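Asks: Going down the list, the sequences are from chains Y, P and R. Using my numbering, the first residue of the first sequence is number 1, and each one after it goes up by one. Using my numbering, the first residue of the second sequence is number 1, and each one after it goes up by one. Using my numbering, the first residue of the third sequence is number 1, and each one after it goes up by one.
Keep in mind that the hints were calculated from the coordinates and are not lab data. As the structure is a prediction and not an experimental result, all values here were calculated from the model. Hints may be right or wrong, so weigh each one.
Intra- or inter-copy, both count: the list cannot distinguish identical chains.
[To be verified] No more than 20 Å apart at the CA atoms, straight line, and that leaves these computed lysine to aspartate or glutamate pairs for EDC-like:
(1) Lys100 with Asp37
(2) Lys260 with Glu420
(3) Lys258 with Glu416
(4) Lys260 with Glu411
(5) Lys258 with Glu420
(6) Lys408 with Glu359
(7) Lys258 with Glu411
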Amino acid sequence: MFPKLIRMKYMPLFLFQIVLMMLFFVFTTYGGDTNHDQRGYEDTHVMIFIGFGFLMTFLKKYCYSALGFNWFLAALVVQWALLNQSFYSMKNNTIEITKKHLLEADIMSATVLITFGALLGYASGLQLLFIAIIETVVGCFNFWLVEHIFKAADVGGSIAIHAFGAYFGLGASLALNFKKKTVPSEGAPTVNLNGASYVSDVTAMIGSIFLWIYWPSFNSALTNSNMAYQRAVINTYLSLAAATVTTFAWSAAFCKEKGKFDMVHIQNSTLAGGVAVGSVCNMFIGPGGAIAIGIGSGIISVLGYTYVTPALEKIGIRDTCGVNNLHGMPAVFSGILSAGVAASATLQVYGTDLHGIFEAIAVDGSGRTAGEQGLYQFLALVSTIVVSSVGGVITGFIVRAPFFGQLKQNEEYDDEPNWELPGAH
Amino acid sequence: MFPKLIRMKYMPLFLFQIVLMMLFFVFTTYGGDTNHDQRGYEDTHVMIFIGFGFLMTFLKKYCYSALGFNWFLAALVVQWALLNQSFYSMKNNTIEITKKHLLEADIMSATVLITFGALLGYASGLQLLFIAIIETVVGCFNFWLVEHIFKAADVGGSIAIHAFGAYFGLGASLALNFKKKTVPSEGAPTVNLNGASYVSDVTAMIGSIFLWIYWPSFNSALTNSNMAYQRAVINTYLSLAAATVTTFAWSAAFCKEKGKFDMVHIQNSTLAGGVAVGSVCNMFIGPGGAIAIGIGSGIISVLGYTYVTPALEKIGIRDTCGVNNLHGMPAVFSGILSAGVAASATLQVYGTDLHGIFEAIAVDGSGRTAGEQGLYQFLALVSTIVVSSVGGVITGFIVRAPFFGQLKQNEEYDDEPNWELPGAH
Amino acid sequence: MFPKLIRMKYMPLFLFQIVLMMLFFVFTTYGGDTNHDQRGYEDTHVMIFIGFGFLMTFLKKYCYSALGFNWFLAALVVQWALLNQSFYSMKNNTIEITKKHLLEADIMSATVLITFGALLGYASGLQLLFIAIIETVVGCFNFWLVEHIFKAADVGGSIAIHAFGAYFGLGASLALNFKKKTVPSEGAPTVNLNGASYVSDVTAMIGSIFLWIYWPSFNSALTNSNMAYQRAVINTYLSLAAATVTTFAWSAAFCKEKGKFDMVHIQNSTLAGGVAVGSVCNMFIGPGGAIAIGIGSGIISVLGYTYVTPALEKIGIRDTCGVNNLHGMPAVFSGILSAGVAASATLQVYGTDLHGIFEAIAVDGSGRTAGEQGLYQFLALVSTIVVSSVGGVITGFIVRAPFFGQLKQNEEYDDEPNWELPGAH
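Turn these sequences into a full structure, and let the hints steer you where they fit.
Replies: Spelled out as structure tokens, the structure:
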């Protein structure tokens, strides 16, 4: 980029914003009359902008970027997702926007922010924003596959949001780090900024705890009966509580120092209970079952940070926030659980909620059998992992083009390249 | 003030609290039966106390004062506003208090907190509190003018809250800084505390993002049909998202350093979309129109910080938070938009919402014409700017009296004069 | 504890989590159909995990522990409370869980977190967790006494939650500090970590303000008519606002330095208005009465920090957060008020709400008289204080057993013994 043009480097995004405006003028209108409020919208909104944003402030010198890019990405993606996710159900070339669509756009932006977590600190701003635009298209397509082709039950989005976002991110990470030259730093040795400070770990807790608090609202927002809503809230609450207790006990057991807690576990593995229960939270898993899922997810996540993240790093997949441990593996766990729970669903237990939860199972027995539904749940999971990881790898290679301004090694995990920083601090 | 009496310096406010208690005993009672909950109340409450409070913690050594005075002012003003705003509609000398009134008192306190943003760091505690008491009286009177005399549509309060608060603040700033003697510091050179630290910019983001998140709730809280509510939420959401993308792109273009973001823009101009859409958010501006307004407001706000704030400072108007760029100019933009949108409103498009939004336009055509309504919108805006800026100047001159303890130059932007500070940090 | 086993020190809690899972499998099921949402749940959830957690980050080197143990304790207690609090009303050995039960479990966890506030920084992790498990059993029993035996009106839980938690904590503090040997530190002099830093006081404000904001939701969540709900919100809002103004004015008057605010008062005494109005907030105290209660509680609380906390410390009761001033004394005030207000309740004023608020007073006059109800309110308060303080003392002595790993003096108020800390900060 020419020095004089560097101020203009984000102007392509502004042009994209102008295009979005024109698309909205042409294709959208306000939705018809709605007599009920969309529950879960405000709480989910907090999760996206405060939750994800502050969770990623744990890096000591990347707080501005974590908060800023989280905001920039999500503000762009929600607009773009409103169009993409309604593209497949447009009538008369018109998209009717309701508050429910805003909620769904927020949920879709979570996908991109999960991917951001994998790339945090070593992808440039332009790389992140281009990835976000592509990922939204692929993610909305995959969401449509899961919902309308596989007709999978996935009310909390563990398959279509969490698994998708995590494996798209790991795919992009593989591509971005593939045979990357590590330029040795000249002059003074580079300080490793890939770590927390005392204060940054505290601000990260703002994000972590708000995510934890509103997760029951997130998982239950798109349920379609009062009883299913209540089950989703209860199951998510219990799974999160059990994952939290488990995380603390196992963190002390697997820490480096004797019997101390590791903040990385506490900020992340505590949340795995929300992911792991996501696909099944509106089903009849029982309060005890929800707790069992929470315990399992806490163990998976802590062990993931201890063993899997270092192993991935060896094969060239950097995962700064450990999204594989918070979103990826717990989501796979949830997808497999959903196959099993669906396969054993009966009209006797589910009553009128049976068709509400499993759209393709008819109450009169004319649709899928429970076993078939279980198979489709599994296929939706496998399909999502394939689409997201392949999509991530391809997108990752595209953004290695010089235009996107790949960071030098000494610019990583640092706000300095992107922000005017206060002098003394 | 005599040294021994200095501990008593806030006791006049306690006496005012006692007077408030007596007025409540005499004039208030609980409101009648209400079958619905008041939506938007809790979210607005977060905006006032967390949003405004933390947004103003961006100054490195004024965090306690920002949070403390925000809280002190708002807690006083909500009580005082409950009385003032119902003064004009009292029956039998009794004010019936409902949850809706609490919401309206919170909204009125926003006016005072916007003014506080202009005076942040250089007005003393007693000055701020006295200004708050006067401003509440004038602000409630102006609110009554806008709503009941001009009958202007202003559901998000851009005219009666944002423009009023900003120009009252600039007026007070002009008066406070008029021919002020700048005493040169003796001994060691004064450190300039009018700036951020790395941590204070992060805590400011808590406020900024919470304001952003709940702005759709704020703008839509006082709508009076389900469809108007939904439009207000959608329009505010889209305007904010577009303002955010615009702010990031333009901040990089207009920053001091090459292509970097300026935290002042990110914390503030992102929110201008909420202000600019405020007066028109329940109208049929279309989703594309909402995005256009957001884009415009982001540009206005970033350019305001770059060019207008330094120009105002030269003529003696200090605006610490840049409330003119976040609240003032975007609110004027919103008021002018509301005149245009109102003037083109038709029964065909608005249906039963026409009278709900424009109280003075009757569905049977007996009231104002759309063009007349547009004129009244404009008059409400002009009147508000005149009342607020004149009120601000007068109040500003009053609080220059010695009793209010004007700060010395080396006490500015510093918590030290007001707080017991921890020793080592 | 053997060095090799120290990693396993929290595994007993994991075993307890496994036991909880089994109890949930055996005893619980989803509750029946509910047509309404449980109001106040999400807001209360924020208070418990963000509010209490961040309020206790005021200590400069105990932020991780404050947030971590708050989370660990509450996640454990909510599960345990769900069983304990329904134990007395079980039918067919089955507990039906609804969203309302989740709210009540959150409320019960407040009790334990108040106790945590008294012991903050000098009780070990295992001590805190064991105390939490015992306190939940005793607290749920006491709650049942207050609600079903004394049939006391206590909608905001001032008696059963705030007084209980505070005096259980002071009891445990007495036991933990009784004839404790203070080992003089060897080598370098110990730094006193029992104090705030500039940043930790700011993060504490996150907790304080969120508690303040959502307190009206907390106090009103369990009301059982629309009018009672609205009164509870209005009274709590006004009491908090008045307590806040009072706290600022009196803090400046009673501070150590001339006319400055003390952050300890601002973070805590502002909230006393929510406690003091808790037991009576759904009653006809009038808006003026609510303000009077707020003023009174602010004064009690500031004077408590100034005079009572040092006096308690002299007799061996350490109260790190001053829970006696925020929860204890204001709750006693509320309990006494509730006796007086109940004794003067009449059918004429209360109408159909009379029986709704005072379960034991029948509308046809066949139940208790108002005077009798007042007596029972008082007895509920006295009984709670006795049960909690005796329970606290006994539990405190139990956790002095070596197994619970009492902290050495130089480990107090320090995250170091419990957390892997970042190197440079």
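Asks: Each hint needs a verdict: does it hold in this structure or not?
Replies: Verification of the hints:
1. In this homomeric assembly, Lys100 and Asp37 come within 20 Å of each other (Cα to Cα) both inside a single copy, at 9 Å, and across copies, at 18 Å.
2. Taking CA atoms no more than 20 Å apart as the test, Lys260 paired with Glu420 passes between copies only; the shortest distance there is 6 Å, against 37 Å inside one copy.
3. Taking the closest pair of Cα atoms, Lys258 and Glu416 come within 20 Å of each other only across two copies (11 Å); inside a single copy the shortest separation is 36 Å, beyond that limit.
4. With identical chains, the CA atoms of Lys260 and Glu411 are at most 20 Å apart between copies only, with a shortest distance of 14 Å across copies and 32 Å within one.
5. For a Cα distance limit of 20 Å, the shortest separation of Lys258 from Glu420 across copies, 9 Å, qualifies, whereas the shortest one inside one copy, 41 Å, does not.
6. For a Cα distance limit of 20 Å, the shortest separation of Lys408 from Glu359 qualifies neither inside one copy, at 50 Å, nor across copies, at 60 Å.
7. Only between protomers do Lys258 and Glu411 lie at most 20 Å apart by alpha-carbon distance; the minimum there is 15 Å, versus 34 Å within a single protomer.
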